[in-house]
Amino acid sequence: DAGVTQSPTHLIKTRGQQVTLRCSPKSGHDTVSWYQQALGQGPQFIFQYYEEEERQRGNFPDRFSGHQFPNYSSELNVNALLLGDSALYLCASSWSSGGAGEQYFGPGTRLTVT
Amino acid sequence: AQSVAQPEDQVNVAEGNPLTVKCTYSVSGNPYLFWYVQYPNRGLQFLLKYITGDNLVKGSYGFEAEFNKSQTSFHLKKPSALVSDSALYFCAVRALTYNTDKLIFGTGTRLQVFP
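In the order they appear, the protein sequences are chains A and B. Quick note: the first sequence uses my numbering, first residue 33, plus one each step. Quick note: the second sequence uses my numbering, first residue 1172, plus one each step.
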């Protein structure tokens, strides 16, 4: 049973550029959440996708956007990159109809903005 | 608003000794609490959860956590630490609303187990 997968593993971008990160959820999961983990910090919630729609967004600007596909996979897009966007981006999946809210995380994408 | 606090940035323990990583929470209603572990350059791995019932919850890799409602704490414990337990540990609380179901994390505690 494949767990949550993310691509790419690492990414280096320049300020002002745009980036797309990808996530495939754990088999049987239909909900995908994205988190940003800055160095030395805990993960911060960006947003969550369910039934191809964005649910509540965390405290992140509109430069952060996403999408969920019919197969439940998801993308995170960040426009006009800033140095402060450098972080580990974590995707987590869960099942909307069961469990106690535990989310299963992928290995993350390390984004470096120079 | 829901929140968790991890008061220790780092915990040092000798191999074979018991370990405790502290977490306190603030929630409205009944708490759903979690512990995750993060190894270097890796994502978060789920260790255990508390929903309701027994205050002592058993999880993966020999870890357990004790829920204490009066002290609003959910400390992670292990009777005998291993060097391989050295990692970053996060406590989290579930924030469930009508339109979302997210986790709110603490700032993390680095556990260092010395041989």
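Derived from the structure by calculation, the hints contain no laboratory data. Among the hints, erroneous ones may be present.
Stretch-level coverage of chain B by chain A, calculated; a stretch enters the list once three of its residues show a Cβ under 8 Å from a Cβ in chain A [what the hints assert, rightly or not]:
{"no.": "1", "segment": "1182 to 1193"}
{"no.": "2", "segment": "1214 to 1221"}
{"no.": "3", "segment": "1224 to 1233"}
{"no.": "4", "segment": "1264 to 1273"}
Note that this is a predicted model, so its numbers are computed, not measured. For every residue, glycine included, the Cβ atom is placed at its ideal position computed from N, Cα and C.
Taking the hints in turn, this is what the structure says about them:
1. 1182 to 1193: violated (count 0)
2. 1214 to 1221: holds (count 5)
3. 1224 to 1233: Our answer is that it is violated, as 0 residues pass the Cβ test (under 8 Å) against chain A, missing three.
4. 1264 to 1273: It holds: at least three residues are needed, and the segment 1264 to 1273 of chain B offers 7 whose Cβ sits within less than 8 Å of chain A.
Figure legend: structure checked against the earlier numbered hints; hints not met, in rising order: 1 and 3.
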